[in-house]
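**Q** So the chains spell out like this:
Number of protein chains: 2
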Amino acid sequence: YDNIIRPGDNPDLTKERKAASFNLWKMQCFVHEGEDVVKRRKEILEFVENTREFDDPIPAEFLNREEIVDRGARKAKAMTDNADAIDGSDFFGEGLYFQSLVIGRELHSMSLHYGMFLPTIQGQTDDDQMDEWMGPTVGRAILGTFAQTEMGHGSNLTKLETTATYDPKTEEFVLHTPTLTATKWWPGGLGKSANVAVVMAQLYTNGVNKYQGPHPFFVPLRDHDTHMPLKGVTLGDIGPKFGINSNDNGFLIFDHYRIPRRNMFMRFSKVLPDGTYVAPPHAKLGFGTMVFVRSIMIKDQASQLGAAAVIGIRYSAVRRQGEINEGAGEVQVIDYRTQQFRLLPQLARAFAFLFAAYEIKTLYMLVTEQIGTGNSDMLPELHAVSSGLKSVVSWETAQGIEQLRLACGGHGYSRASAFPDIYTYAVGGCTYEGENIVMLLQVASQDSGKARIRSWKQCTDEDIIHDFEAVARRMIFSSYDRLKSFETTMTKKEAWNKCSIDLCKTARMHVKLYLVKVFLRRVSACEDAACKKVMHTLATLYAFDLISGAAGYFMKGGFMSELQSELVQSDLYEMLEVLRPESVALADSWDMSDLELRSVLGRRDGNVYPALLEWAKKSQLNKTEVLPTFEKYLGPMMKEGRAHL
Amino acid sequence: YDNIIRPGDNPDLTKERKAASFNLWKMQCFVHEGEDVVKRRKEILEFVENTREFDDPIPAEFLNREEIVDRGARKAKAMTDNADAIDGSDFFGEGLYFQSLVIGRELHSMSLHYGMFLPTIQGQTDDDQMDEWMGPTVGRAILGTFAQTEMGHGSNLTKLETTATYDPKTEEFVLHTPTLTATKWWPGGLGKSANVAVVMAQLYTNGVNKYQGPHPFFVPLRDHDTHMPLKGVTLGDIGPKFGINSNDNGFLIFDHYRIPRRNMFMRFSKVLPDGTYVAPPHAKLGFGTMVFVRSIMIKDQASQLGAAAVIGIRYSAVRRQGEINEGAGEVQVIDYRTQQFRLLPQLARAFAFLFAAYEIKTLYMLVTEQIGTGNSDMLPELHAVSSGLKSVVSWETAQGIEQLRLACGGHGYSRASAFPDIYTYAVGGCTYEGENIVMLLQVASQDSGKARIRSWKQCTDEDIIHDFEAVARRMIFSSYDRLKSFETTMTKKEAWNKCSIDLCKTARMHVKLYLVKVFLRRVSACEDAACKKVMHTLATLYAFDLISGAAGYFMKGGFMSELQSELVQSDLYEMLEVLRPESVALADSWDMSDLELRSVLGRRDGNVYPALLEWAKKSQLNKTEVLPTFEKYLGPMMKEGRAHL
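Chains as they are written, first to last, in our numbering: chain G, 351 to 995; chain L, 351 to 995.
Be careful, since some hints might not be right.
If chains are identical, the list can't say which one is meant, so a pair holds when it fits in one copy or spans any two.
Pairs of lysine-lysine residues, derived as DSS-like cross-links and limited to a Cα-Cα distance of at most 25 angstroms, are as follows [claimed, not checked]:
#  : residue 1 : residue 2
1  : Lys581    : Lys807
2  : Lys848    : Lys807
3  : Lys855    : Lys989
4  : Lys906    : Lys855
5  : Lys906    : Lys800
6  : Lys365    : Lys509
7  : Lys973    : Lys581
8  : Lys848    : Lys883
9  : Lys967    : Lys389
10 : Lys581    : Lys989
The hints are simulated quantities; they were obtained by calculation from the structure and are not laboratory data.
Since we're looking at a predicted model, the values are computed, not measured.
Here chain G stands alone, though its shape is the one from the complex (with noise of 0.2 angstroms):
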């Protein structure tokens, strides 16, 4: 069905493929929740590939700043002309699938107008603003993006410094930077591609400079038709990072910039024409679409991490490097133990962060639908885990993709390899956030002996998750007795930030008992029993790897014993050798195309080598024989050196 094994193919790959012990067909629907959903990627995929809109004449590694954002631009508009070619209403899977087609790892001049600026047009908008608005947004005849952050200020939205004071001669609010840390900084597509902006600013209306805290307004920035700057306000790109190149995140300042009165998003807080300020009739709950989008954020991560144990499995069953046995002839470098524990365990903890990822998505579904009938009860949690998964998933995805790097050696460094381009496509996710403790002690309960993990034959699921849940709990309770006892001699806050390390590494195992649970649960509902079991045991590797890795947690008051936590390393040894003739097959269950993956080292057919030296023809450098450099410099400081001999 597949078609994964074709004529031509590495040998190597080919022998993997054959001896895996599941039928990939029924994995791969297990590993995207259902057939239907890979029939529609196999769908989408032949649609990118067939379109000549959508094709790359050099590939993106050989392109400069200007050329990369030319892309993008180009791209970002072929991709919204053919936007029916998927189900728009799922940004989730399709949406997702489809732009990492057409566009590979990056963003674009359009990723905040769909990302941010729509969704602040539907969620902020009173209804006259709403029919004068969202028309142009959805037809796209305006291109948004959202201003919040500042040089000075990123996350902390009360210290924004730029205001917009309210003038009631003329009923306009004037938009003003009062210093230069108060330049707004880093918004996608602000630099050279929007022409209007969510413009997040500090209200002061209703008498002398009353504050009335950080609002929403809608702020034209550039001309129509010549798109040059209006008056008033200056921007510009922020330069090249460490990646996603492609987005002219950008700089904008304002002079005393003008926009009329209803120009303030409306739909909970008002300004009338007098000035009067109308505060909303309750707290905003804009919390949803947060936690959708770090859903969305969890399964990226997920994707990235997941696309670095493909090439890095494909690659290490391609590449064959020293002798285990001597005159046996060169291995393949799969099969050294410690190239096993490079790779297996980044694709169990793939295989954990995808599956987070859905179980956030449904967990947010379930909400919503709650919040419809008026219960919030299960918000707070929501938003504990999904902030607490944000923050392990990006940190690890980020560590993982560059073990996974490294365990491809000297071509693992090279862009052709994909893994740079990954790597900081991935990291640019990551922040940190560790809060959320005492709300963790909700969940903690009483006590509960000695751990149960036992050889991994044995252990059930239960006894991991008992055994986490336990080490968890005690984390939690030994963080809050700190807190409270600092709390005698100090402010709140201040014990807080005294504690706050601690508090971190309790969140993160908090984090890591969940990942562990829906791991397991997600592979004990599997149907085939062949997928089921392979999958079960990189989920248990999973969990084992975790354990001997916070062994100094879970020894803690003679908890787990030495006897067990040699156990946990040796079972980890003897489940590498199980799945060892399982992982190519593993790492095609995440159905990722070349087109996907883009990376000479992953190759589906594993014909690696050829396709490296085609790409290195590519090169910028290589377009002469001889440089400039050579006339310029080496030439004549090599002509004057055999002049001297």
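Fit chain L to the supplied structure of chain G, relying on the hints for placement.
**A** Chain L in isolation, oriented as in the chain G frame:
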């Protein structure tokens, strides 16, 4: 003396600098091994700053691949034109520093010429060859590289595929690339710059295809005058990489390419005119140079991690975000305990690596001296320690840089911060070596009771070293026992493979023991009391952080008690508090000028925000207000959108 505080500086930085308990100049002298060195650093800096040839009209971050290669060649020539500015015999010190000031975190067209081509000429030629090739090499009449690695094989010399077959009829070697994977791949400067290379090839001579093993050859690649590749030689650039894009790493294919018999390096082996192979009198010891290169790499890595720590610490003192106590105003982010925990252990680590690099260099010189008198007893230890160190240092450096980058929030992702460039440069040095366990066994002696660790204020250096030694030793013995038990049922190599994960962990622990020992020993020799006190706390922080990260190993068998383990944790936090006010001055003690740092976030004067805006204005995209993307894609799209409304 040091002029580090100047009018107009960011007041937070000035406040921090004044609060330090030690004298900066004395600390810089301690860090750089003496007053003379620091004085020379300042002279060299002044020279580079005042030499217009070294200027960059546009910062390197804004250049495209062709431009960055051009810059590399220009700088390489300018640097070697001005080689008199430094003590050429001191590459470890002045050479590395000079290069970092002139070129930054990059390699260039001539890196391999000096780093590998020249040493081969020095070490592998017989007298006549030395006379012929040394002059042109030193006099820059030729530009060389070192072509060993191939597409299909990296470090495994015996499996290289390129052949050199001797033809006694013409007294020539025929160089040939028999397979695609035999293509030489990666050598620096090979693609476009070098016109000659040392080529490692499998020698066949003396009868029908008699194999003599890998040998080096002196091989002209390009025409002196036209720089065109010679007939039978195909070469080019291998394309863009994660970093180090100034360098034209290249590929090379031979098609029955002939070179004279005397182009084989003949100091050790020879081929006589009739094809008779003369084997070397004894196995070569090219070994010392490798160790020296490693000590340079370790120093370089330490400096990169140091630079990242300097940037992270200074920026964290300048950046204000959030309030610890409400209404008290936003605090410097370095006041957060979590932030201290992200910064200070990395700073400590950078010092540990730097001091280890000094140590290895000293050891290398000692061993070289001993070898001169016929004593090579210490060679194996030197080899083991230096290769283990390289592996641990490069991986932890890479991780540390990323931790520090993330600690700087969003701005760390911009190339203005320098973090992306530091990371991609430093991580190029990351390869993995974990062998040498059996030799470590020689170092290990009998067991020794319980952990001695106690409160950091009472803990002696001997206590700390005792505990590390005991844990490292126990790991060695347990790995060895497992290895031996496997060996009863399989070949030695298979057993090694099965145990290799544990063996690597053991090797790493041994390296950490070495790092802790060196750090403590060096601090104990510090002559200034104030410097010594602060550095000693930093060294203890380093040791305790390692213990905390390896708690599982330390607690095994009840070696370290739970109470001790908790003490380690709370002591860590106390040390962070003690070191907090010294942080900026400790960063300054690296004596890294703005020219060396190349970071907007890490500027000496702390005036980060205006510099960030200035930097961004140089973006390639800001050359025009309106990009071509508007006319080509976005403008027509929006026009159409407006028409549809």
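**Q** So, for every hint listed, does it hold in this structure?
**A** Here is how each hint holds up against the structure:
1. Taking the shortest alpha-carbon separations for Lys581 and Lys807, neither the intra-copy value of 71 angstroms nor the inter-copy value of 63 angstroms comes in at or below 25 angstroms.
2. In the homo-oligomer, the alpha carbons of Lys848 and Lys807 lie at most 25 angstroms apart only across protomers (20 angstroms), although the nearest pairing inside one protomer, at 43 angstroms, exceeds that limit.
3. For the identical chains of this complex, Lys855 and Lys989 are neighbours neither inside a copy (63 angstroms) nor across copies (53 angstroms), given an alpha-carbon limit of 25 angstroms.
4. For the identical chains of this complex, Lys906 and Lys855 are neighbours both inside a copy (15 angstroms) and across copies (22 angstroms), given an alpha-carbon limit of 25 angstroms.
5. When the C-alpha separation of Lys906 and Lys800 is checked against a cutoff of 25 angstroms, the pair qualifies both within a copy, at 11 angstroms, and between copies, at 17 angstroms.
6. Taking the shortest alpha-carbon separations for Lys365 and Lys509, only the inter-copy value of 23 angstroms comes in at or below 25 angstroms, while the best intra-copy value is 60 angstroms.
7. Only between protomers do Lys973 and Lys581 lie at most 25 angstroms apart by alpha-carbon distance; the minimum there is 19 angstroms, versus 44 angstroms within a single protomer.
8. In the homo-oligomer, the alpha carbons of Lys848 and Lys883 lie at most 25 angstroms apart only across protomers (24 angstroms), although the nearest pairing inside one protomer, at 46 angstroms, exceeds that limit.
9. For the homomeric pair Lys967 and Lys389, neither the shortest alpha-carbon distance inside one copy (36 angstroms) nor that between copies (47 angstroms) is at most 25 angstroms.
10. For the identical chains of this complex, Lys581 and Lys989 are inter-copy neighbours only, at 22 angstroms across copies versus 57 angstroms inside a copy, given an alpha-carbon limit of 25 angstroms.
In the structure shown, a violation is registered for the earlier hints numbered 1, 3, 9, in ascending order.
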